[in-house]
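The numbers in the sequence shown follow the working numbering, run straight up by one, and end at 1113.
In short, the hints are calculated from the structure, not lab data.
Accuracy of the hints is not assured; some may be wrong.
So the derived label-pair ranges between C-beta atoms look like this [said to hold, decoys possible]:
id : residue 1 : residue 2 : range
1  : 1060      : 1082      : 37 to 43 Å
2  : 1076      : 1009      : 36 to 42 Å
3  : 1026      : 1075      : 39 to 45 Å
4  : 1094      : 1032      : 35 to 41 Å
5  : 1081      : 1008      : 34 to 40 Å
6  : 1008      : 1032      : 17 to 23 Å
7  : 1109      : 1031      : 30 to 36 Å
Note that the Cβ used here is the ideal one computed from N, Cα and C, for glycine as well.
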Amino acid sequence: ENVPLRFANKELEEISDSVCMGNLWTQEGLRCHLIHNNKSHLRLRPFRLEELHQDPPVVLFHDVITDGEIQMIKDMANPLFQRSKIKGSAVTHNRLSETAVLRGDSGVEKRLERR
999 ENVPLRFANK ELEEISDSVC MGNLWTQEGL RCHLIHNNKS HLRLRPFRLE
1049 ELHQDPPVVL FHDVITDGEI QMIKDMANPL FQRSKIKGSA VTHNRLSETA
1099 VLRGDSGVEK RLERR
């Protein structure tokens, strides 16, 4: 059973739908800036925060994870994928998602957790 999201008002619901569909409109005064959170390793390679909307705040992070790290995570997760279940242990044929849980043991996982 799908449980619909509940929003405080119609405007928030429309913004959420726009973000999910990639159709968010732009606003004046938005900016993109570098983020390092005063962490020394991020000062050398900061990531970018792009403001997409002000109220409610919607941001998009860039350069947080490298293509190599993405591939390593995909390689680790691929053999672990299992059909997603609903309400405990029921698997339905109309649900098309799979889930993999990584344990945080590898070097790439530990690096991402520190970020």
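_So, against the hints stated earlier in the document, which numbers end up violated here?_
1, 6, 7
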